[in-house]
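S.K.: The residues making up each chain are set out below.
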Amino acid sequence: MSVRDWISAVLLVSGALFCVIGAWGMVRLPDTLSRLQAATKPQTLGLLLILAGTAVRLEPHFAVGLVLAGLFQVITAPVLSQLFGRAAYRTGGVDRSTLVVDELSQRLRAGRE
Amino acid sequence: MTIVFAITFGLLGLAGLLTLLRIVRGPRTLDRILAVDVLVVLIVAGTAVGMAMSSRGIYIALIVAVALLGFVGTISVVRLVERREEYR
Amino acid sequence: MSRRSTHGTRVAPSLVIWLVVVWMLLWGTFDVATAVYGLVVALLVLVLFPLPSHRWNIFRRPWRLVVLTVYVLADLFGSALRFVADTVRNSAKVSAAIIAVPVLSDVDHIIASAANVVSLAPGKFVLQIDRPGGIWYVYASGVRTAEDAHKAYDDVIDMQRVAVWAFGDETEAPAARSRAQEAKRQRDRSAVRKPQRPSPIEAVAASEAQSRGAESGDAEFHGAATRENDHDRDGGDDPGDFDENRREGR
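Protein chains in written order, with UniProt numbering: chain A, 1 to 113; chain B, 1 to 88; chain C, 1 to 250.
Isolated chain A (complex conformation) (with noise of 0.2 Å):
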């Protein structure tokens, strides 16, 4: 295994890795804020690392394809994040109980006065 073999390697597993984590935090944590959390944050790491790992072993031009599908991914998880998080949020798919404090259902219950 040369160099280049290792260090695609090593990206390719870890990123498979933080998949997997991502994906086990789907199936355990309780609530659908909690579990939005485990779903894009480590899946986006781990797709970045792996196309890391795959433009490692390919020729620079379609390395560069890569780097526009990593692009893509890091510009619409976070909006894709926060639509769910106002819809989840809205209907009711947060458990109060796992909440320490809640500011916005504050500002909401105050604002009805």
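Just so you know, these hints were derived from the structure itself, not from any lab.
This structure is a prediction, so every number in the text was calculated from the model and none was measured.
Possibly wrong hints are sitting among the right ones.
To be verified - Chain A stretches covered by chain C per the calculated footprint, using a threshold of three residues with CB under 8 Å from any CB of chain C:
{"id": "1", "stretch": "35-44"}
{"id": "2", "stretch": "58-68"}
{"id": "3", "stretch": "97-103"}
As the list claims (entries may be wrong) - Pairwise CB distance ranges (calculated):
{"id": "4", "chain 1": "C", "residue 1": "Arg89", "chain 2": "B", "residue 2": "Leu69", "range": "32 to 38 Å"}
{"id": "5", "chain 1": "B", "residue 1": "Ile43", "chain 2": "A", "residue 2": "Pro30", "range": "24 to 30 Å"}
{"id": "6", "chain 1": "C", "residue 1": "Gln181", "chain 2": "B", "residue 2": "Leu68", "range": "36 to 42 Å"}
{"id": "7", "chain 1": "C", "residue 1": "Val66", "chain 2": "B", "residue 2": "Arg25", "range": "41 to 47 Å"}
{"id": "8", "chain 1": "A", "residue 1": "Pro30", "chain 2": "C", "residue 2": "Thr34", "range": "49 to 55 Å"}
{"id": "9", "chain 1": "C", "residue 1": "Val47", "chain 2": "B", "residue 2": "Gly13", "range": "44 to 50 Å"}
{"id": "10", "chain 1": "B", "residue 1": "Ile58", "chain 2": "A", "residue 2": "Ile7", "range": "18 to 24 Å"}
A virtual CB, placed ideally from N, CA and C, is assigned to each residue, including glycine.
With chain A's structure known, arrange chains B and C on it following the hints.
M.R.: Chains B and C alone, transformed into the frame defined by chain A:
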């Protein structure tokens, strides 16, 4: 290197199975959509690993297209579900 | 509140360049023919789907973008590991918080970009943007105590400051810095407490108030910002709100 690919594919497959479990169980529609989105990301990752295995970049356009389609699809479904559950 | 106008459908040159670059990256070939086709496609897209033009000088200072990227990547890795460790250890009893953080800019696209930067960090995302009140509601996981909540608050402020510094123009970076200091100073460090559980009736009323806000606020800023009641317009994190809260709780 073969064993590296085997491990990577195995881990990704495991992640896919866990995600499927959430799709089956997910009490709310949003949970299921979220799991489907994760599955799409996993498919993209798997395609990338496949490309690394063959050392040929033939699926680059596929990867970009699937990632973007997954994003657009998820967003539209989330909006739909949000409206529907709000006005029920 | 200054809002950059959205008049005209003039095709922005920087956007054309950006689209051509994406097109060439997509094909993976860098010759004249691809560039010409890319130009045609970019113009077609921009004419058919006109975007509101705004002053978006993101490429004028690439150095700041690099700094932002490094900052975000460092944060991404660091807090991803912390988040994973926390999840593995305590996945059964998750603890989180929703905290109100003042927005440091008044320009829509900068707020949007900064919100995206903050939401990229593991363990945090912007749940709701109260645009008129200038407040983000940030969901932060792994928060167990009041100190954790204050730390998450400071983290979000810091990250937001770097994002505004990278995306905004010359006048906004110093303004954001002074607003960040102000926000940190004004945060009432004793105000965080366990929220009273809302009774089912209250919860329903709250969600109704929210959906009313959604109808009026959906038009702006791809639906992310919602207008809540007029009471919210005074913004700020003043302790008065908490007092009202306490009264209501009884």
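S.K.: Is the distance from the Cβ of Ile43 (chain B) to the Cβ of Pro30 (chain A) consistent with 24 to 30 Å?
M.R.: Holds, at about 27 Å.
S.K.: For the stretch 35-44 of chain A, does the count of residues with a C-beta closer than 8 Å to a C-beta of chain C reach 3?
M.R.: With 7 residues in contact (Cβ-Cβ under 8 Å with chain C), the coverage given for the stretch 35-44 of chain A holds.
S.K.: Does the Cβ-Cβ separation between Pro30 (chain A) and Thr34 (chain C) fall within 49 to 55 Å?
M.R.: Given about 50 Å between the Cβ atoms, the range holds.
S.K.: Measuring from beta carbon to beta carbon, are Val66 (chain C) and Arg25 (chain B) in 41 to 47 Å?
M.R.: Since Val66 (chain C) and Arg25 (chain B) have Cβ atoms about 43 Å apart, the given range 41 to 47 Å holds.
S.K.: Count the residues of the stretch 97-103 of chain A with a beta-carbon closer than 8 Å to any beta-carbon of chain C: does the count reach three?
M.R.: holds (count 6)
S.K.: Is 32 to 38 Å respected by the C-beta to C-beta distance linking Arg89 (chain C) and Leu69 (chain B)?
M.R.: 36 Å, holds
S.K.: That 36 to 42 Å hint for Gln181 (chain C) and Leu68 (chain B) (C-beta), does it hold up?
M.R.: 40 Å, holds
S.K.: Per the hint of 44 to 50 Å, is the separation of the Cβ atoms of Val47 (chain C) and Gly13 (chain B) within bounds?
M.R.: 45 Å, holds
S.K.: Counting residues of the stretch 58-68 of chain A that have a beta-carbon nearer than 8 Å to any beta-carbon of chain C, does the count reach 3?
M.R.: Coverage by chain C holds here, the residue count being 6 at a Cβ distance below 8 Å.
S.K.: Regarding Ile58 (chain B) and Ile7 (chain A), is the given constraint of 18 to 24 Å on their beta-carbon distance met?
M.R.: The hint (18 to 24 Å, Cβ to Cβ) holds, given that Ile58 (chain B) and Ile7 (chain A) are roughly 22 Å apart.
Hint compliance for this structure: no hint is broken.
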